[in-house]
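With chain Z's structure known, arrange chain F on it following the hints.
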Amino acid sequence: MIKLRSVTKAYNSGVDKTFVLRNINLHVKEGEFISIMGPSGAGKSTLLHIIGMLDSISDGEYHFFDQPVHALNEKKRAALYKEYLGFVFQSYHLIDDLTVYENLEMPLLYKKYNSSERKSLVCDTLDRFQIVGKKNLFPNQLSGGQQQLVGVARAIISKPKLLLADEPTGNLHSVQGEEIMQLLSNLNQDRTTIIQVTHSEKNAGYGTRILQLKDGWIEN
Amino acid sequence: MLGNYLKVAFRNLVRFKGYSLINITGLAIGMAACLLMLLWISNELSFDKFNANADRLFRVEQDQKTSEGIFHVNIVPYPMGPALKEEIPEIKRMSRYVSPGTILIRYKDAAFFETSARAVDPSFLQMFSFPLLKGDAETVLNEPFSVVINEDIARKYFGAEDPIGKTLTINTTHSCIVTGVMKKVPSNSSIRPEVLVTIEFLKRAGIYADTWGSNQIVTWIELNHQEEAGAVNSKITAIYLKNLAPLIPSPEEFNQYLKRAAEFKLMPLPDLRLRSTFGYGGAQENYQGVIIFSVMAAFILLIACINFMNLSTARSANRAKEVGLRKVVGAARGNIVFQFFSESILMTFIALLFALILVETFLPVFNFLSGKHLDPAAPFNIKFLPLAFAIALITGIISGTYPALFLSRFEPIQTLKGGLNRGSKSPLFRKILVVLQFSLSVILIVATFVIYQQVKYLETIKVGYDKDQLIYLPLRGETTNTYLSLKQELLKDARISGVSGSSQLPTNMGANSGGADWEGKDPNFQPLIGIGNVDYDYVETMKIELVEGRSFSQEYATDSSKAILVNEGVVKLMGVQSAVGKTFSFNGVNNGTIIGVMKNYHYQSIHNVIEPLAVFLVPARVNYAIVRLGTGGSLTSALDQVKAIWQKINPQYPFEYTFFDQDIEENLQSDRHAGSIFNAAAILAMAIACLGLFGLASFMIEQRTKEIGIRKTLGASITGITTMLSKEFVQWVVVANLIGWPIAYYILNKLLQSYAYRVTIDWMIFLYVGLISLLIALLTVSYQSVRAARANPVDSLKYE
Chain Z
326 MIKLRSVTKA YNSGVDKTFV LRNINLHVKE GEFISIMGPS GAGKSTLLHI IGMLDSISDG
386 EYHFFDQPVH ALNEKKRAAL YKEYLGFVFQ SYHLIDDLTV YENLEMPLLY KKYNSSERKS
446 LVCDTLDRFQ IVGKKNLFPN QLSGGQQQLV GVARAIISKP KLLLADEPTG NLHSVQGEEI
506 MQLLSNLNQD RTTIIQVTHS EKNAGYGTRI LQLKDGWIEN
Chain F
5 MLGNYLKVAF RNLVRFKGYS LINITGLAIG MAACLLMLLW ISNELSFDKF NANADRLFRV
65 EQDQKTSEGI FHVNIVPYPM GPALKEEIPE IKRMSRYVSP GTILIRYKDA AFFETSARAV
125 DPSFLQMFSF PLLKGDAETV LNEPFSVVIN EDIARKYFGA EDPIGKTLTI NTTHSCIVTG
185 VMKKVPSNSS IRPEVLVTIE FLKRAGIYAD TWGSNQIVTW IELNHQEEAG AVNSKITAIY
245 LKNLAPLIPS PEEFNQYLKR AAEFKLMPLP DLRLRSTFGY GGAQENYQGV IIFSVMAAFI
305 LLIACINFMN LSTARSANRA KEVGLRKVVG AARGNIVFQF FSESILMTFI ALLFALILVE
365 TFLPVFNFLS GKHLDPAAPF NIKFLPLAFA IALITGIISG TYPALFLSRF EPIQTLKGGL
425 NRGSKSPLFR KILVVLQFSL SVILIVATFV IYQQVKYLET IKVGYDKDQL IYLPLRGETT
485 NTYLSLKQEL LKDARISGVS GSSQLPTNMG ANSGGADWEG KDPNFQPLIG IGNVDYDYVE
545 TMKIELVEGR SFSQEYATDS SKAILVNEGV VKLMGVQSAV GKTFSFNGVN NGTIIGVMKN
605 YHYQSIHNVI EPLAVFLVPA RVNYAIVRLG TGGSLTSALD QVKAIWQKIN PQYPFEYTFF
665 DQDIEENLQS DRHAGSIFNA AAILAMAIAC LGLFGLASFM IEQRTKEIGI RKTLGASITG
725 ITTMLSKEFV QWVVVANLIG WPIAYYILNK LLQSYAYRVT IDWMIFLYVG LISLLIALLT
785 VSYQSVRAAR ANPVDSLKYE
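Chains as they are written, first to last, in my numbering: chain Z, 326 to 545; chain F, 5 to 804.
Isolated chain Z (complex conformation) (with noise of 0.2 Å):
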């Protein structure tokens, strides 16, 4: 499904070249539910972030279902981007001004679903997290386990073949992270493919595979 091959990312800092990523190659198949682990700093995010193409790579290829991303346009990245990938952070980023069903309606809305989609796929939705109840709440009205609920329910709305997930837990205590933690694995087995960055070694324990990364560096 995702094929890096010697990804490099570097910044112009002056005269010197800082790089965050150095010479990266990974393969990921569909279904595998993968953690990248490391320091502050390590490259985490980034890697995350090309991955979900909200970055471009300085150096190397991307191959993502056999299309070559680091070649694409703008426009035909962004086409692969809608139909393929969905995004979860760490501090939720839910528009304040919208409600949870208008939050979750918003993607679809985006991806040109007819109105009667949307409301069929945000009502499914809705019902298998389980929060129909709070359907017309505003996102300061609610919890951050229930924001970030409502974050991963957003992501997978239409239905990615990937979820990018930044520290998803991050900002929960444990209990509310646990229950993301197995929303997540759950979505795995119903054959998403799950990248998450994370520093915590339980939640890694929850995928199936997991890279560290070091100063740019995948350690083996």
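Each hint should be verified, as a subset may be incorrect.
Here are the simulated distance ranges between beta carbons [to be verified]:
1. Gln418/F - Lys460/Z: 29 to 35 Å
2. Gly724/F - Val500/Z: 30 to 36 Å
3. His498/Z - Gln418/F: 26 to 32 Å
4. Met5/F - Ser499/Z: 38 to 44 Å
5. Phe20/F - His498/Z: 30 to 36 Å
6. Ser499/Z - Val734/F: 16 to 22 Å
7. Asn385/F - Leu462/Z: 32 to 38 Å
8. Phe20/F - Asn348/Z: 43 to 49 Å
9. Val734/F - Asn348/Z: 53 to 59 Å
10. Ala302/F - Lys460/Z: 45 to 51 Å
11. Ala302/F - Gln392/Z: 30 to 36 Å
12. Val734/F - Leu462/Z: 30 to 36 Å
13. Gln418/F - Pro393/Z: 21 to 27 Å
Each computed EDC-like pair below joins lysine to aspartate or glutamate, with the alpha-carbon atoms no more than 16 Å apart [to be verified]:
14. Lys187/F - Glu204/F
15. Lys486/Z - Glu355/Z
16. Lys112/F - Glu165/F
17. Lys263/F - Asp67/F
18. Lys11/F - Asp384/Z
19. Lys471/F - Glu670/F
20. Lys21/F - Asp422/Z
21. Lys401/Z - Asp380/Z
22. Lys325/F - Asp422/Z
23. Lys325/F - Asp449/Z
24. Lys484/Z - Asp449/Z
25. Lys11/F - Glu355/Z
26. Lys527/Z - Glu503/Z
27. Lys342/Z - Glu386/Z
28. Lys603/F - Glu706/F
In case anyone wonders, no lab produced these hints; they're calculated from the structure. No experiment lies behind these values; they were computed from the predicted model shown. C-beta: ideal position from N, C-alpha, C; glycine also.
Just chain F now, with coordinates in the frame of chain Z:
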């Protein structure tokens, strides 16, 4: 999708109430001002276009070639109209149009002076769209003694009676039968008759000059096809020359004349209001007004749009996360752009609602300021409302463009990490916008000052005679015949210190003519000279200063046929040291003698340059009695005395009088209107700009809260911080002034050109405006900066 956008926009609006209030208020005021001006402009542009035949109606005009250039005239000889109709097949109808002067109309006990009577040919009502309530447009004016009146006049004389067939007495001697009743002429018509009599009637009443030798009457023609105008022009010139030839006896003289013969031109009716001119390249004042108003409307709207842009982008940090997020869940840049456009358009439409309320509320004020009579229903006119919507839409798009492009550029990773760079300095583009906004305000304020000074200046212009306690009495109808006895009676009273008369309105004399000749004149020099026809004692009654010579006197028997008074302008034309005693032929006086030279005085509106003027003694043609009230005794008792004498001599005619002061004052009205409009526009522009500055300052200071906190913990004083925060704004205003000044200078210099007598722009004005704008801007931001500076640093640092 749109629903989702609008929902977010609306919730945002409610959540940030202060911001929304500033934004919507600014937009609403800007749009309201803009709409008011557009109402004014659309009213101006609509003039005369209601006429169904407007495209095919033309006024016959001519360019006269004189030594000083082309003198444009929009009247022609009396007999020309019928001759054109007869000889030019392209002309379908023709009607002349002339005022018979103020006439006295009587029906039984009701007698009034009517100033808006016009004499026309029978086709008039078929050419122009002035619908009849009673009577048939084809025939109402066929009989010489028929008269058509409008509904108001009908009510005034006849009340509920049916006027048709009733007899009106005009000027006590002529009986005319009412054959038709017109609807009132629409307010956007330049041609505004209330009473129509026939040209035939003028002829019978002896007010008709059956000569090709002088231009006296407005003549309208209707062509079969609009495109024929060009061809008709040359035909008219040919017919004119054919008829003029017999009046110029020697062929050499006629050939001489041909070199500078007038060229006739048709002026289309739709151009009448805005594009008609008179004289040497006369100003198209209404047209200038339309241009000035359009520019001002655009200025104010632009200022309001800039507000919107500035506030929206200043708030960008608050929206950045949302933008990033929408992109993460699949929004393309286009979606985001569209979202922000729909937001700005929603905003402008809410503002439009308030703007329309403001327009309705302030329409009477605007009418008062501008001297217009706009209908309260005008803003909701079926033609105007779409325009208002279009303005809102355009405003929404203009003000939405920059925020949309700016905000949609945000990259998700930057915004979601929360690391969006909130620089303490504003981006260059936003600076440019604020500077632009203030420059526009500066220009408007400078304009207000200059126009104020110009009006003040016009008020102080010396007219060249003593205008205090000086009145004139119009001699209507038969009262002209009583002038001499009136004068005698008036002079008997001690409270009246002088009486004279003139044939033209004394505050607007000097209709000009060519053909003057004097000893030693170059035959090729053909200047136009104004003509005044007056009675004895004119110079003494008016208290005009004589430069040399004497005034008209009964002691010289030849004065009534040969004496001519001239002003300094004529002496300058003649190029002599002393004009007194020189032979002068003009205005039917052959080999007359110049007996005196008057100092230049304003015999017309003070807007006009004092042109050369020759004054003739014609006591028999006095139409206006000029009366100087004495200094002894009260003004009212003197006036009462004049009234009593008038009523004794003219019991049939009501007593009317005008102070010279009043006429001079009236000439200043339009300038005052212009002044007050500029004043209002400048205040509005400045208010909107300050509103924007206020909003901007609060956001910028909010962004620097942490910096302020740190500085204070390190020992900065409140004054120090306030100064630091205000410095940037001061810089902007200074730059705005430096940009605005030269532009204002340039524009106002142009504007002042239309005044014959004008102030030179005082450089102190620029300094004042600079100080004022600086002060206002400082006051606006100081509230925010002082508050920020006084805040406890612990509060501001806690949040980070």
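So, going through the hints one by one against the coordinates:
1. Gln418/F - Lys460/Z: 29 to 35 Å: 31 Å, holds
2. Gly724/F - Val500/Z: 30 to 36 Å: For Gly724/F and Val500/Z the Cβ distance comes to about 51 Å; the hint is violated.
3. His498/Z - Gln418/F: 26 to 32 Å: With a Cβ separation near 29 Å, His498/Z and Gln418/F satisfy 26 to 32 Å, so the hint holds.
4. Met5/F - Ser499/Z: 38 to 44 Å: Holds: the Cβ-Cβ distance is about 40 Å, inside 38 to 44 Å.
5. Phe20/F - His498/Z: 30 to 36 Å: Between Phe20/F and His498/Z, where Cβ atoms are some 32 Å apart, the hint holds.
6. Ser499/Z - Val734/F: 16 to 22 Å: 55 Å, violated
7. Asn385/F - Leu462/Z: 32 to 38 Å: Since Asn385/F and Leu462/Z have Cβ atoms about 47 Å apart, the given range 32 to 38 Å is violated.
8. Phe20/F - Asn348/Z: 43 to 49 Å: 48 Å, holds
9. Val734/F - Asn348/Z: 53 to 59 Å: 55 Å, holds
10. Ala302/F - Lys460/Z: 45 to 51 Å: Roughly 48 Å apart at Cβ, these two residues keep to the hinted range, so it holds.
11. Ala302/F - Gln392/Z: 30 to 36 Å: Since Ala302/F and Gln392/Z have Cβ atoms about 51 Å apart, the given range 30 to 36 Å is violated.
12. Val734/F - Leu462/Z: 30 to 36 Å: 47 Å, violated
13. Gln418/F - Pro393/Z: 21 to 27 Å: Given about 26 Å between the Cβ atoms, the range holds.
14. Lys187/F - Glu204/F: Given that 16 Å is the threshold and the Cα spacing comes to 23 Å, the pair is violated.
15. Lys486/Z - Glu355/Z: OK: Lys486/Z and Glu355/Z at ~8 Å, within 16 Å.
16. Lys112/F - Glu165/F: 13 Å, holds
17. Lys263/F - Asp67/F: 13 Å, holds
18. Lys11/F - Asp384/Z: 43 Å, violated
19. Lys471/F - Glu670/F: Holds - the C-alpha atoms of Glu670/F and Lys471/F are around 14 Å apart, at most 16 Å.
20. Lys21/F - Asp422/Z: The hint holds at about 14 Å.
21. Lys401/Z - Asp380/Z: Holds, at about 15 Å.
22. Lys325/F - Asp422/Z: 12 Å, holds
23. Lys325/F - Asp449/Z: At roughly 27 Å apart (the allowed maximum being 16 Å), Asp449/Z and Lys325/F break the hint.
24. Lys484/Z - Asp449/Z: Holds: Lys484/Z and Asp449/Z sit about 12 Å apart, inside 16 Å.
25. Lys11/F - Glu355/Z: 38 Å, violated
26. Lys527/Z - Glu503/Z: OK: Lys527/Z and Glu503/Z at ~9 Å, within 16 Å.
27. Lys342/Z - Glu386/Z: 20 Å, violated
28. Lys603/F - Glu706/F: Given pair Lys603/F, Glu706/F is violated - Cα atoms ~69 Å apart, limit 16 Å.
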